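**Q** One-letter residues, chain by chain:
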Amino acid sequence: MDKKGVDTRTVLWTFYILLVLIISYVLYTFIEDSASGKALKEKYFINDLGLNFDFLPSLNHDLEIKYNIEDDYKIQFSDGKITLIGKNLDYNYVQDENFDVPYREIEAKNGSKLIINKKDNTILINTKENEIK
Amino acid sequence: MKLNKKGEMFNLTKEYMLWMVRIIVFFIVFGVIVIIIYIPINYEFKIDGLRHSLLRQHLIYDKNCLSYEDERAYPGIIDSKKFNQDNLEKCFSSEDYGTQITLKTNSINTIKLNQKWNKFEFCFDKDSFYCTNQSYYVLVYDKNKLEPGILNIMMMNSK
Chain A
1 MDKKGVDTRT VLWTFYILLV LIISYVLYTF IEDSASGKAL KEKYFINDLG
51 LNFDFLPSLN HDLEIKYNIE DDYKIQFSDG KITLIGKNLD YNYVQDENFD
101 VPYREIEAKN GSKLIINKKD NTILINTKEN EIK
Chain B
1 MKLNKKGEMF NLTKEYMLWM VRIIVFFIVF GVIVIIIYIP INYEFKIDGL
51 RHSLLRQHLI YDKNCLSYED ERAYPGIIDS KKFNQDNLEK CFSSEDYGTQ
101 ITLKTNSINT IKLNQKWNKF EFCFDKDSFY CTNQSYYVLV YDKNKLEPGI
151 LNIMMMNSK
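If you read the protein sequences in the order shown, they are chains A and B.
Position 13 (the first sequence) corresponds to 13 in my numbering; numbering is contiguous.
Position 103 (the second sequence) corresponds to 103 in my numbering; numbering is contiguous.
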């Protein structure tokens with residue numbers, strides 16, 4: 001084999017190894033999330049949160065809901081939509097336009113609490129860190 | 001090995017063709033692996049039934065929607081003044097749900113919410129849409145009087 005052939009083979013093998021490493025990493029992360037129940041927990045969390053936003057307007061009294069956060073989440077509250085940033089998960093809730101809901105991004109860290117307060121026609125969303133359960 | 005111009009060209013094209021085949025095979029294999037792993041561990045929450053139930057409660061019990069209110073809200077009593085298109089579109093704003101609300105007292109009044117869904121016959125395709133149809137016995141507050149009525153809520157969304 002000439003010099004050019006040897007070089008090509010080296011480049012090819014490096015490329016193959018890189019591909020195998022990338023694919024293995026992506027698949028490992030995906031399987032790890034699913035097997036450990038992390039992906040399920042995230043789906044459950046976003047659905048639960050969204051269902052609460054569907055339900056909150058039908059309550060005619062004030063209410064406070066506290067979530068124990070068991071992972072680091074970035075949650076985006078926007079117009080009729082709750083998004084778990086970086087997880088490709090969202091929930092479109094039915095809006096009561098008489099309600100004042102803050103559209104903002106919230107960072108809820110592991111061990112903190114996500115607090116949703118309904119006061120008359122206003123919904124407040126906050127986090128409280130390191131609160132003893 | 002010495003190649004003429006034509007031979008070099010042929011080798012180059014052959015090399016490109018080989019790379020094309022490799023790339024296609026790579027994507028096919030990668031896709032098959034992802035599908036094989038993804039299908040058994042792809043958990044789905046089927047919450048359409050629960051959502052419809054909550055959204056019907058949203059319509060009936062929300063004081064901004066249909067519930068009669070003086071100093072407090074009265075769940076189960078429908079305020080006839082609130083039964084209009086503008087009010088219901090404001091308190092039940094969604095792109096994803098087609099809703100048809102019918103209030104039967106001495107007369108029958110129907111309101112359809114969400115224009116996008118109104119062009120379809122209600123629940124025409126049960127394979128593609130999730131539909132519910134529920135009636136409630138209610139009291140209707142109209143001109144300082146309470147009278148019995150039936151509130152029917154039909155709701156649909158795409159699966």
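No wet-lab data here; the hints were simulated from the structure.
Predicted model only: the values in this text are computed from it and were never measured.
All C-beta atoms, glycine included, are put in the ideal place defined by N, C-alpha and C.
Keep in mind that a hint or two might mislead.
[To be verified] So the derived list for chain A, only partly shown, Cβ under 7 Å to chain B, looks like this:
1) 24
2) 25
3) 29
4) 57
5) 58
6) 88
7) 96
8) 98
**Q** Given residue 29 of chain A as an interface hint, is its Cβ closer than 7 Å to any Cβ of chain B?
**A** Nearest chain B Cβ about 12 Å off; hint violated.
**Q** Residue 58 of chain A was flagged as interface toward chain B. Is the shortest Cβ-Cβ separation under 7 Å?
**A** holds, 4 Å
**Q** Hint validation: residue 24 of chain A versus chain B, beta carbon distance must be below 7 Å. Holds or violated?
**A** violated, 11 Å
**Q** Taking 7 Å as the limit, does the beta-carbon of residue 25 of chain A come near enough to a beta-carbon in chain B?
**A** This hint is violated: residue 25 of chain A lies away from chain B, its Cβ roughly 13 Å from the closest one there, beyond 7 Å.
**Q** Less than 7 Å between beta-carbons is the criterion; does residue 88 of chain A satisfy it with respect to chain B?
**A** violated, 13 Å
**Q** Against chain B, is residue 57 of chain A within 7 Å by beta-carbon distance?
**A** holds, 5 Å
**Q** Taking the closest Cβ pair, is residue 96 of chain A under 7 Å from chain B?
**A** holds, 5 Å
**Q** Can the hint on residue 98 of chain A be confirmed by a CB-to-CB distance to chain B that is less than 7 Å?
**A** holds, 4 Å
In the structure shown, a violation is registered for the earlier hints numbered 1, 2, 3 and 6, in ascending order.
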